[in-house]
Every structure is written in C-alpha cells, then in structure tokens.
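From just these sequences and the hints, can you work out the full model?
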Amino acid sequence: MLVQQYGLIGVFAVIAFIFPIVTLAFTWLLRPKRPNPLKNSTYECGIETVGDAWVQFRAQYYLFALIFVIFDIEAIFLFPFAVAFNKIGLFALVEAIIFVFILVVGLIYAWKKDALEWQ
Amino acid sequence: MDLRALGESLVAMLENVGIPHGWVLLINWILGAVILLGVALLLAIFLIWFERKIAGRVQDRLGPNRVGPYGLIQPFADALKLLTKEDITPDKADRITYNLAPIIAVFHIIMLFAVIPFADKVVGANINVGILYLMAFGALGAMAMLMAGWASRNKYALLGGFRVVAQLLSYEIPVGLAMLTVVLMRGSMNLNAIAQGQGGLFGLGWYVWILPAVFIMYFVAALAEGERAPFDLLEAESEIVAGYNIEYSAMKFAWFYLAFFLNTWVLSAVAVTLFFGGWQGPFAAQIPALGVVYFFIKVFIMFFVFAWVRATFPRLRIDQMMSFCWKVLVPMGLALFLAVAIILKLGLPSAVTYALLFVVNIVILVVTLKLLGNYTRDLPKNKNKRLFAPELPRL
Amino acid sequence: MVGQILFIIIAAFTLLMGLGTVVARNLFHAALFLVGVFFGIAALFILLEAEFLAMAQIIIYIGAIATLIVFAIMLSKGMMGREAGAYNKQWYFAGGAMIFFFGLLSWLLVKMPFAATNASVPDDAIQQIGSGFVGHYVVPFEVASVLLLVALVGAIMLARERN
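Chains as they are written, first to last, in this note's numbering: chain A, 428 to 546; chain B, 125 to 519; chain C, 68 to 230.
It should be emphasised that the hints constitute simulated quantities derived from the structure, not laboratory data.
One or more of the hints may lead you astray.
Unchecked claim - Lysine to any residue pairs mimicking SDA-like chemistry, simulated, CA-CA at most 20 Å apart:
1. A:460 to B:463
2. B:469 to A:457
3. B:469 to C:202
4. B:205 to A:448
5. B:469 to A:518
6. B:205 to A:457
7. B:209 to A:455
8. A:514 to B:463
9. B:216 to C:96
10. A:514 to B:474
11. A:539 to B:492
12. A:539 to C:218
13. B:209 to A:468
14. A:540 to A:528
Encoded structure:
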C-alpha cells in the first residue's frame, strides 16, 4: 500500500524535476542570444552598481528564523499527538497542555524582550 | 467515470497482455504523474487569465480582452512570447544556483499536486501524512527564493530573499497551527480522510462552520504564504522593484510566475479540503466525477476571494506584518488549539460539542479583534509610536 | 531487488551530496549540497516505510535548519561570497581520523547482530508515535519542550547582546 503511494511520488518527483529543465533547454534553442556587457550588468534602476551586491544585512532576520525553527519543531511534535488524540486519556491532554504552555512561556519571553519587534 | 477504477482496469488490461506486475505499476505511476503535471500546467495558464480578469473588474478596468474571446488566448500568447524571449543572465551571477532556483520553485509547487484529493480516492498519492507532505514541500519554496536572491548578486534581489524568509517562515506557523487543529478534529493527517469526515447534508459538516476562527486564521496566513497583497512585501515593486526575481527574464521568470499562481491555487485547494468539505457535495460519494466538479467549483470560488483581496488591499509594512504574525496569529492559533483540544475531551454529545466549539471560536475571534482594535485606536498614545510613523524602508 | 537498486541509487546520491558539502569552495554551495543530503536521507526513510520521519526530516532539516544555515551564511560579515579552500594544514590528520572512525563503524556494523524481522509497519504507526509521546516517552517529550524553550531564550539573549 505504502509502496503504491510513494512510488507515484517518486516518479512524480523525477518528472517534476526534469520537466522545467527540459523546457529551459528547449527555449535555449528558440531564443536569440545577443549578450553585451551593459545588458548583462547587475540591474539597479539604471544606475551603476556601487560596490558588491553581497552586502551585509541586519541580523534581525536571523532572530525570526530562529524563533520559527523552535515553533516548527513544536508543531511537528504535536501532529502525532493530534492524530492519536481520540485514543488517549485525559492525563495525556494535560501533558500536551504543559508541552504547549512551556513554549507559550518562551513566546511571552520573546515578546517582553522585544525580540518580536521589527526595529 | 471513476478515475481510480480506470487506473485499475488499465492495470488489469496490461497484466493480461503479459507485462510483469512491476512494469505495469511503473507505467501506471508515469501516467498518473504526467496527468497531474498536465493538470497543473493547464491550471496555471487558466489561472493567470482568471486573476487578471478579476483584478481588471475589481479595479474598473477590462483586463485582457483582445486575444481570443474574452482574452482567453492571452496566456498562450504570453507563454509563446516568454518561450522565445532572450534570456539574460547577469555576468556576476552565480550561474548554477541562478539556474537551479526557478527549477526548484516549479518542482516544489508541482509536487504539492500529488496529494490533493480531487474527489473521493481520486488523488495521486493517498498517504497518511498528507498534511505534513504539504508543509514539507511548501517549505522548499522559501529555499528556492533564497537561492534566487543570493545567486542574482543584486541588492534588491538579496533584500527580497531576506524578506521571503522572514515572511514565509513566520507565517508557516499559523498555517501549521490551523492544520494541526483540523487534524485534532479529524484524528487523521490523510487529506482524503479529512475531506471524507466533513459529510452531512448541504455542507453542514464542513469544518468552517465548526471552526470559523481557525479558517480565518488559515486564510489570513495563506495570503502571506502565497505572497499576495496585502502581504506581498517580498515583491513590493515600489520598494525593492520585484524582489528575488528581479534579474530573471524569459522562461526562468515564467517559472517563478507560474509557481506564484499555482501556489495560490494549492493554498485554495487546501483551504477547501480542510474547511469546505473538499469534494463533498450531493451524490459526490457515489459518483467521483461529480466530486471533481464540486471540488473545482469550490477551489475557484476560494481562488476568486484570494484574487479579490489582492486587487483590493494596499500593502502592509514589514514591521506591521511581522508583528501581526507573531503577536496576533500565533497566540490566537495556540489558544484555538488548546481550546479545541479541551472541548473535544469533555466527552459531551457531539451536537453540544460542535455548538460549544463554534461559540468558543467566535469568542476567541471577537476577543482577538477587540484587542487588535484597542491597540490600533490607542496607537497615538502608545509607546510604540514608530509602528505607524512613516519611514523609509529599511535595508 | 528493486528496493536494493533504489537504496543504492539514493545512498550514492546522498554520499555524493555529502562529499559536495565537504569539498565545495563556496560556503553557500556547501549549504545547498547539505540540502541534497537531507533530501536523500528523507528518501531513505521512505524506503524504510517511516513516512512520518521522512516528512519531519524535510520540514525540520530542509525547511528550518538548512534555511537557518543559509541565513547565517548570508548574514555573517564577509561570508557570503567567500571562497574557502577545502583543505587546510590539518587535512591529513582529519583524513586519518575519518578512516579510523569509518573502520570502527564498519566493524561494529558487521559484528552487531541486528534483530531483523520482516514485519511490516502497522497502519496506525503515527497514532502509536503520538500515544508514545504522551505515554511511555512523556519525559523526553516534555524535556524536548524545555530544551526548545532554552534554545529560544539563548537565541534572544545572544541577539540582544549584539544590539
């Protein structure tokens, strides 16, 4: 049963990956190719680029990514719990509530420390 | 016409001819994959026309109306143009990553079609972890955009890439929490099973009636996940020109464009499956072909709402958007999850449970809106004045 | 038979990607190779019929961790376009250590009597995982939550220090 389903996904993955490559190769045959230095320069609203484009941005973005990782893992832990929910007792519910509550503490901490603030 | 039966009869036919079982399976899978790919591509072409037409109507324009009746051939003309356009790769770009990014973008979005239940059992792969599959391949999109932003070696593209991560990752949490609550209701992550669980006459069993607040949370977060206005900050033509796909042209740009429309369609399809009964409708369980029709009607209505919102609302600022996710949607999602879990364990008769769930949903929604309203009203006095002070977009 | 061929293909892919991660000169490329490794491992989980693990692998390791790694590279000063050599002065030492551990692990794998059975994965495997979380394995489950909390607090502390 499982093999049936994932076999299709595997075949589909191969086809879905090859298809855009084939299309891009196909357009390579069709399209004109007339590059010149100006055309191939980095676009910056018609102005010449100043310095390298790989400049450093603010680390603010990183903090959000970190908070995301933590909540993502929490969600993954809760999915099997949700599936098994009908079969488990009241005590299990209390355990899950404690699990979520510990992370709510984390969210409140992040909130109070202004980590959720976009500065 | 039962698609699954059609597949089975095909298997039987091929086996009668004398082809070994393994090869028959492989042929079956390849056929299924090609059909799904075809559906996705046809949809993309139609959706581009559909959305442009809606946006035209909403904004008192005509939309495409020159090529073919009602401009229906327009997307084909666009596709032909994009196929034959010159493809410009910036000299400074990192070539391999630059070319790989659009491929990954299309790959991840097409992969999502494998688990969408178009009708009862008419689904590419009826797997038990369908919801997680959606989350898994959905998350690949952020990676593709990050690759595009980095490989273009362009400041705007890089900034767009950063915004992608900030936005898509953040809003994945409310989407995940909404899905989690639905899984809690149904006790299964199989998408077909979730659609099956919402039977009942005249759509009374749809989860949108039982969990309205969860649906609204999903919808708002899906707007952000689909990079649509009012959350289209990572494109933001007026600020960062086009974001991560600024250096892309011709077919590579077309792949990002296609991924964008298909992404919205998949988000609509998931919304319909989770909250609007999926393929459920009169006699849909008996005649799967009817289920396909119901499903597509519902998804297109959902897509219409997405397009309508996009054509109507102005764009948010990035600090507003991030605050809204982490300070409004995530706490609301956690509260809804806990409330639903507790109510389901109370052991009340099902009618009372559903009524109670509905009431609690409405209460949580009203409280959230009230808190939000108070906050917005008190903003001038609030210490967080900078939240609404006009300022230049930050790098 | 088909399963073995698939395993060899996927394992070869995973190992190639792993090799790419180590020898890539550009840090960003190394991170992308790492994504390939994670994908290969997810495919191996599928071969083992552990669908939940496979999806969790993709969601957490590709969707979250790899994105975080790419992000860290992009946000560290001067790291983004840096070409770093794959070798440094201690490469022969690292190579020797690697060969030693490879030998040790291979020896263990050969010697270890694995209790292999042909039992198929039950249909309600995910349900059993869920019941396990709040039943037999409740302590690790709750400790995981505390661990996540500590990680969150630590991340915020570090980020605030810089400001």
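Hints, one by one, checked against the model:
1. A:460 to B:463: Not satisfied, since the Cα-Cα distance of roughly 61 Å exceeds 20 Å.
2. B:469 to A:457: violated, 63 Å
3. B:469 to C:202: holds, 17 Å
4. B:205 to A:448: holds, 18 Å
5. B:469 to A:518: With a Cα-Cα distance of about 10 Å, the restraint between residue 469 of chain B and residue 518 of chain A holds, given a limit of 20 Å.
6. B:205 to A:457: holds, 11 Å
7. B:209 to A:455: The hint holds at about 10 Å.
8. A:514 to B:463: Holds, at roughly 18 Å.
9. B:216 to C:96: holds, 16 Å
10. A:514 to B:474: The given pair, whose Cα atoms are some 17 Å apart, holds under the 20 Å limit.
11. A:539 to B:492: Holds - the C-alpha atoms of residue 492 of chain B and residue 539 of chain A are around 19 Å apart, at most 20 Å.
12. A:539 to C:218: holds, 16 Å
13. B:209 to A:468: OK: residue 209 of chain B and residue 468 of chain A at ~18 Å, within 20 Å.
14. A:540 to A:528: This hinted pair holds, its Cα atoms lying about 18 Å apart.
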